[in-house]
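Single-letter residue listing:
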Amino acid sequence: MKDFILPFLRSLLDSLRDLLPILLVISFFQLAILQQPIPNMGEMLYGTFLVVLGLTLFVQGLEMGLFPLGEAMAYAFARKGSLIWLLAFAFALGFGTTVAEPALIAVADEASKIAAAGGAIENTPQAMESYATGLRFTVALSVGFAIVIGVVRILYGWPIQYLIIVGYAGVVIMTVFAPKEIIGIAYDSGGVTTSTITVPLVTALGVGLASSIKGRNPLTDGFGLIAFASLTPMIFVMGYGMLIG
Amino acid sequence: MNLSFNILHTLSDTIFDVLPIVVIIFGFQLLVIRRPIPNLRKVLIGFIYVLLGLAFFLDGLEIALFPIGKLMAQQLTDPAFIYGEVEEAVRSLQWRDYVYVYLFAAAIGFSTTVAEPSLLAVAIKAQEVSGGAISTWGLRIAVAIGVGLGIALGTFRIVSGTPLHYYIIAGYVIVIIQTAFAPKTIIALAYDSGGVTTSTVTVPLVTALGLGLASTVPGRSALLDGFGLIAFASLFPMITVMGYAQLSEWRQKAASKKTHRTGE
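Respectively, the protein sequence lines represent chains A and B. The opening position of the first sequence corresponds to residue -19 in the numbering used here, with each subsequent residue numbered one higher. The opening position of the second sequence corresponds to residue 207 in the numbering used here, with each subsequent residue numbered one higher.
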C-alpha cells in the first residue's frame, strides 16, 4: 500500500506545480491590475483540486494504458508486415479521432457564420449546417491523410524537414488564392485538431514503429506525426473555402 | 449534488469523444491483428484512469479557471479599462495602450501551456526516448515560452490590424532557416510541439481573448480578426524548441572546449 500511496502523492504535487503558473497569473491580474477580489474562493479551490486530481490520474493512465497500447499496436503491425492494413489503421485513427473532436465542431460552426456573412453561401441555417459538416469532414480527411503520410515517412526514413517545407509551400500558395475570410480559420484549424487522447496514442504509435524497424531512430523518426496532422488541415480548409466560395 | 452531477456529465462527454478511438483500436485488434493485447487488464485500468482524469480535469477547469479567465480577458480588452472613463479617448486609442493585454496574453499563454496534458504526454515520451537528454521540464518551458511570445504577438496583430499571413509566412521562413542549423535529433520533436500545445486548457482562454479583443478594438470585426491566435501559438514553439536545442548544443560545445583546454 505504501508503494502506491507515496508515488501518487508525489504525482499530485507535480500536478499542483504544473498548475501553479496559471493560478499565479490569474491572481496577479485580478488583484494587482484589475484590482478586484477573487470571486467564489470556495469554488476556485474545489475546481483547482479537481484539476490537480484529474491531471494526476491522466498521467498515471497515460503510462499504464495509452502509451503501451499505442506501442503494442505499432509492434503488432510491424510484425504482421502488411503495409495496407497499417496505412488503413493510420487513416482510420486520424479520421476517426478528428471528425468528432469538439474543438473542431466549434471552429466549423464559426466558419459557417463567416462564410454566410461574407456571402460565400446562403444565409440560411441549412446552408450553414451543410457548410460546417463539409468542413468537418474535410479536416478529418486531411488528418487521416496526414497520419498516413507520416507513417510512410517513418517506414522509409525520409527526413521530415523536406516534407514539412513542401507543406509550408502549399500553405503559402493556397493563401494567395483562398478567399480572405477563410484564412484565419484555416490557420487555426491546424492547431485544434489534435486532442488530448489522440496525441499520446499517435506519439506512441510513431515511436513504437520507429523502434521496431531496423535503422530508424525513435527520436528523429518516431516523432513528427502530430506535425503533419497540424499542417494538412490548413491546406485542405483553404481548398474547401475556394471550392465552395 | 449539482457538482457531482456535472462531473458525470463531463465524464459522459469524454467517453463519447473517446468512443471512435476505442472502436477503431478494438476493431483493428479483433479483425486485423487478432492477437491479445499484452497486459490487457492494466491497459484497461489505464484507459479508465485517463477518462476519469480528463473528466475531473475539464470539470475543474470549467469550475475554477475558465469563468474568471474569460471574464478577465473581456475586462482587460474593454476600452473603458484601457483608457479610463474618457469616451473621446477611445477613438484615438493606439497600439501602445494595450500593454496590459500583451502582458496578459504572454502570461496566460505561458502558464496554460505548462499545464497542457497533451504536451506533458509528448514531453514524457521525449525524455524516455532520448534517454534523458531532453528533459520533460526543459521541453515544456521552451514550448511555453514559444506560446507566450506567439500569443502576445498575435494580440498585437489584432490590435494593429496587420494581415495574419505576413506573420505566419515570416515565421515559416525562420523555422526553415533554423531547421538547417538545429541538431537533427530535435527537428521532428520541434515540429510536433507546434501542434500539441493548443488543446484543452489553452484554446478556450486564448479564443476568449482573441474574440474579446477583436470585438472591442475599433475597426476590427470579431469574425474576421478574432482568429489566428492559435496559429501563432502553434508556430512559435517550433522556433523556441529548436532555439533551446541550439543553445544547449552551443553550451555543451563551449564546455567541452573549456575542459579540453584545461586538460592540456
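Wrong hints could be hidden among the right ones.
Said to hold, decoys possible - Once the Cα atoms are required to be at most 20 angstroms apart in a straight line, the calculated EDC-like pairs of lysine to aspartate or glutamate come out as:
{"hint": "1", "chain 1": "A", "residue 1": "Lys194", "chain 2": "A", "residue 2": "Glu90"}
{"hint": "2", "chain 1": "B", "residue 1": "Lys390", "chain 2": "B", "residue 2": "Asp284"}
{"hint": "3", "chain 1": "B", "residue 1": "Lys248", "chain 2": "A", "residue 2": "Glu23"}
{"hint": "4", "chain 1": "B", "residue 1": "Lys276", "chain 2": "A", "residue 2": "Glu102"}
{"hint": "5", "chain 1": "A", "residue 1": "Lys160", "chain 2": "A", "residue 2": "Glu43"}
{"hint": "6", "chain 1": "A", "residue 1": "Lys160", "chain 2": "A", "residue 2": "Glu102"}
{"hint": "7", "chain 1": "B", "residue 1": "Lys276", "chain 2": "A", "residue 2": "Glu23"}
To be verified - FRET-style restraints, in silico, Cβ to Cβ:
{"hint": "8", "chain 1": "A", "residue 1": "Thr113", "chain 2": "B", "residue 2": "Ile221", "range": "21 to 31 angstroms"}
{"hint": "9", "chain 1": "A", "residue 1": "Ile145", "chain 2": "B", "residue 2": "Gly337", "range": "38 to 48 angstroms"}
{"hint": "10", "chain 1": "B", "residue 1": "Lys459", "chain 2": "A", "residue 2": "Ser62", "range": "38 to 48 angstroms"}
{"hint": "11", "chain 1": "B", "residue 1": "Phe222", "chain 2": "A", "residue 2": "Asp(-6)", "range": "21 to 31 angstroms"}
{"hint": "12", "chain 1": "A", "residue 1": "Thr113", "chain 2": "B", "residue 2": "Thr368", "range": "42 to 52 angstroms"}
{"hint": "13", "chain 1": "B", "residue 1": "Leu250", "chain 2": "A", "residue 2": "Pro17", "range": "25 to 35 angstroms"}
{"hint": "14", "chain 1": "B", "residue 1": "Lys459", "chain 2": "A", "residue 2": "Phe(-16)", "range": "38 to 48 angstroms"}
{"hint": "15", "chain 1": "B", "residue 1": "Lys459", "chain 2": "A", "residue 2": "Ser192", "range": "25 to 35 angstroms"}
{"hint": "16", "chain 1": "B", "residue 1": "Leu214", "chain 2": "A", "residue 2": "Leu25", "range": "32 to 42 angstroms"}
{"hint": "17", "chain 1": "A", "residue 1": "Ala97", "chain 2": "B", "residue 2": "Pro369", "range": "44 to 54 angstroms"}
{"hint": "18", "chain 1": "B", "residue 1": "Ile221", "chain 2": "A", "residue 2": "Pro17", "range": "32 to 42 angstroms"}
{"hint": "19", "chain 1": "A", "residue 1": "Ser192", "chain 2": "B", "residue 2": "Asp284", "range": "53 to 63 angstroms"}
{"hint": "20", "chain 1": "A", "residue 1": "Pro19", "chain 2": "B", "residue 2": "Ile221", "range": "44 to 54 angstroms"}
Derived from the structure by calculation, the hints contain no laboratory data. All C-beta atoms in this analysis are idealised placements derived from N, C-alpha and C, irrespective of residue type, glycine included.
Is the distance from the Cβ of Lys459(B) to the Cβ of Ser192(A) consistent with 25 to 35 angstroms? Because 33 angstroms falls inside the window, the suggested range holds.
Taking the Cβ atom of Thr113(A) and the Cβ atom of Thr368(B), is their distance within the range 42 to 52 angstroms? violated, 33 angstroms
Could you see if the CB distance from Leu250(B) to Pro17(A) stays within 25 to 35 angstroms? violated, 46 angstroms
Please verify whether Lys160(A) and Glu102(A) have alpha carbons no more than 20 angstroms apart. holds, 18 angstroms
Could you say whether the range 38 to 48 angstroms given as a hint is met by the Cβ separation of Lys459(B) and Ser62(A)? Roughly 45 angstroms apart at Cβ, these two residues keep to the hinted range, so it holds.
Between Lys248(B) and Glu23(A), is the straight-line Cα distance small enough, at 20 angstroms or below? Measuring from Cα to Cα gives roughly 34 angstroms; hence the hint is violated.
Can you let me know if the beta-carbon spacing of Leu214(B) and Leu25(A) is within 32 to 42 angstroms? violated, 21 angstroms
Given pair status - Asp284(B), Lys390(B), alpha carbons within 20 angstroms: Violated, because 46 angstroms separates the two Cα atoms, which is more than 20 angstroms.
Within 32 to 42 angstroms: is that where the Cβ-Cβ distance between Ile221(B) and Pro17(A) falls? Given about 38 angstroms between the Cβ atoms, the range holds.
Take the C-alpha atoms of Lys160(A) and Glu43(A), compute the straight-line distance between them, and say whether it is at most 20 angstroms. violated, 44 angstroms
If you draw a straight line from the CA of Lys194(A) to the CA of Glu90(A), is it 20 angstroms or shorter? violated, 46 angstroms
Given the hint that Lys276(B) pairs with Glu23(A), test it: the Cα-Cα distance must not exceed 20 angstroms. Holds, at about 16 angstroms.
Against the hints set out earlier in the document, violations occur for numbers 1, 2, 3, 4, 5, 9, 12, 13, 16, 17, 20.
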